[in-house]
Amino acid sequence: MYLYPKWIRTWHVINALMFLILIVTGISMQYTGKENAAYVVGFSKAVKWHNFAAVVLVFNYIIFVTGNLLTKNGSYYRIPRKNFKSDLITQFKFYASGMFKGEKHPFPVTEERKFNPLQKLTYVLALYLALPLLIISGIGLLLPEITITTFFGISGLILTDILHITMGFFLSVFMVIHVYTCTLGHKPTSLFRGIITGYHVSEDE
Amino acid sequence: MKFHKFRICILLILINNINSSAAITFFKAEKDKLQDTASFVSPFEAANERCFKCHGQEKYEYTNETLGRQIKDIMCSERIIHRKVFYSSNHKSFSCTDCHSEEYIKFPHSGTLRMEQKYNCIDCHGGDAKFAQYHFEEIDSEYQKSTHFKMENDGFSCWKCHNPHTYKISVRNATNLKETIAYDNAICLNCHSDFSRFQLLSDRAEIDIIKEHEWLPNQAIHFANVRCIECHTKINNNIPVSHQIRPKAEAVRLCNECHSKNSILMASLYKFESKEQRRDGFLNGIILNSSYVIGANRNEYLNLVSLIIFAGVLIVIAVHITFRIKNKSKNNKEK
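Protein chains in written order, with our numbering: chain S, 1 to 205; chain Y, 1 to 335.
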């Protein structure tokens with residue numbers, strides 16, 4: 001089943017690479033020590049690469065949102081009003097026990113339903129909540145002169161930074177879980193193969 | 001281009017603060033905040049007024065007895081001491097003649113008086129138990145190691161940075177750190193951005209501060225948030241403010257000297273913040289004076305929470321993998 005068009009795969013690979021750069025350089029900046037001049041990447045190098053990857057990521061994000069508005073892909077991210085909560089529980093139960101009992105996937109992948117309910121929720125939270133907040137706070141840190149100086153007596157920059165690193169952290173956790181859940185396909189490697197080739201292999205194929 | 005203009009704008013604001021007339025504007029804004037300026041009355045007010053009558057403003061008047069008439073003239077800007085600025089300075093309780101010759105009472109002043117030996121900080125503050133906590137002797141020895149001291153033959157002295165008529169301690173009693181930073185940086189820019197003053201002490205060509213600091217990211221923000229001395233002096237914890245100005249080649253250039261957990265700013269700019277304010281923690285210190293240094297402001301609680309969450313995720317994944325492996329081997333056996 002051809003599920004991932006070229007533009008989605010290109011967006012995905014750029015997003016993944018930029019995210020890796022941003023995580024490594026972000027950690028380097030936050031934890032650079034004076035004694036060990038370079039924690040992972042030296043501070044000035046980390047700032048340059050972080051800024052570069054962030055700009056690429058923002059443009060990539062604009063392409064993603066535009067693509068979702070213009071193509072069918074956007075519909076995969078719409079959360080249904082009906083039964084969504086119970087669907088989430090069903091999916092969670094499948095991951096927690098059902099899959100070990102040999103149960104069938106409760107929401108198998110089809111051309112109409114690319115994501116299961118848990119996937120849908122986390123993708124929406126990651127891509128439409130955490131990532132925009134990460135980008136906005138990142139712009140605030142990249143251009144500190146436009147950031148409010150104080151907010152109820154607390155430095156606007158530190159609040160922006162706390163928001164930025166918190167969102168960065170949640171998205172990093174998301175990335176770890178995302179990579180792990182991608183091993184839960186028909187075979188541990190089949191979902192990875194799918195995002196590279198564009199073709200999804202389901203349990204029945 | 002826009003940022004460059006912004007940077008220049010910031011620098012000009014700083015530079016303007018030290019131009020004689022603009023300095024008054026700066027001090028006027030400051031005066032309202034000075035706790036004791038309004039109530040302070042100098043015991044020497046009447047005696048000092050004999051000097052301020054001419055030296056307290058731009059215009060002075062005297063009777064020319066030879067011509068038999070009243071003369072109005074412009075006071076040389078270098079010789080003007082504004083009353084309010086003086087009476088809010090560290091030396092506000094002094095009489096003019098405590099430091100200057102009694103002979104100045106006579107007018108016209110004798111030309112030889114201008115050749116009088118001026119006091120230096122250490123002449124009064126050195127060897128005095130009252131000032132022992134400030135370690136003026138060590139300040140003096142640090143100054144003697146500084147790159148400025150090498151110019152002493154050209155006329156460098158304490159007064160080049162600390163005008164005895166206007167100087168007031170800043171960082172130690174700062175209520176607004178940004179104003180303090182601007183005040184302290186204006187001391188450096190007084191010569192380093194005013195070539196006419198700079199060349200009184202050095203034969204070097206004019207230095208373009210903005211161009212020299214081109215390498216510094218977010219230059220304007222750095223200039224407004226740290227003092228020049230943060231990078232250009234060697235820290236000495238025994239004295240309140242480092243006085244050993246280092247040569248250009250030895251200035252701090254590594255970002256993580258400041259942007260790190262053990263930031264040098266904790267031993268310089270934020271030295272006088274209480275330990276409680278400087279601690280690592282939820283609203284750690286510097287937050288309170290609206291400053292923020294990436295890499296130095298860390299939130300230990302958030303660090304801990306994030307580590308716990310991350311470890312939790314890894315444990316859940318590890319457990320899940322274990323069950324998958326067990327399940328797979330069970331299925332294989334069944335087959």
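Calculated directly from the structure, the hints in this document are not laboratory data. Wrong hints could be hidden among the right ones.
Once the Cα atoms are required to be at most 27 Å apart in a straight line, the calculated DSS-like pairs of lysine-lysine come out as [stated by the list, open to error]:
no., chain 1, residue 1, chain 2, residue 2
1, Y, LYS145, S, LYS93
2, Y, LYS178, Y, LYS150
3, Y, LYS326, S, LYS104
4, S, LYS187, Y, LYS145
5, S, LYS93, S, LYS187
Self-check item: Hint check against the structure, violated hint numbers in rising order
Solution: 1, 2, 4
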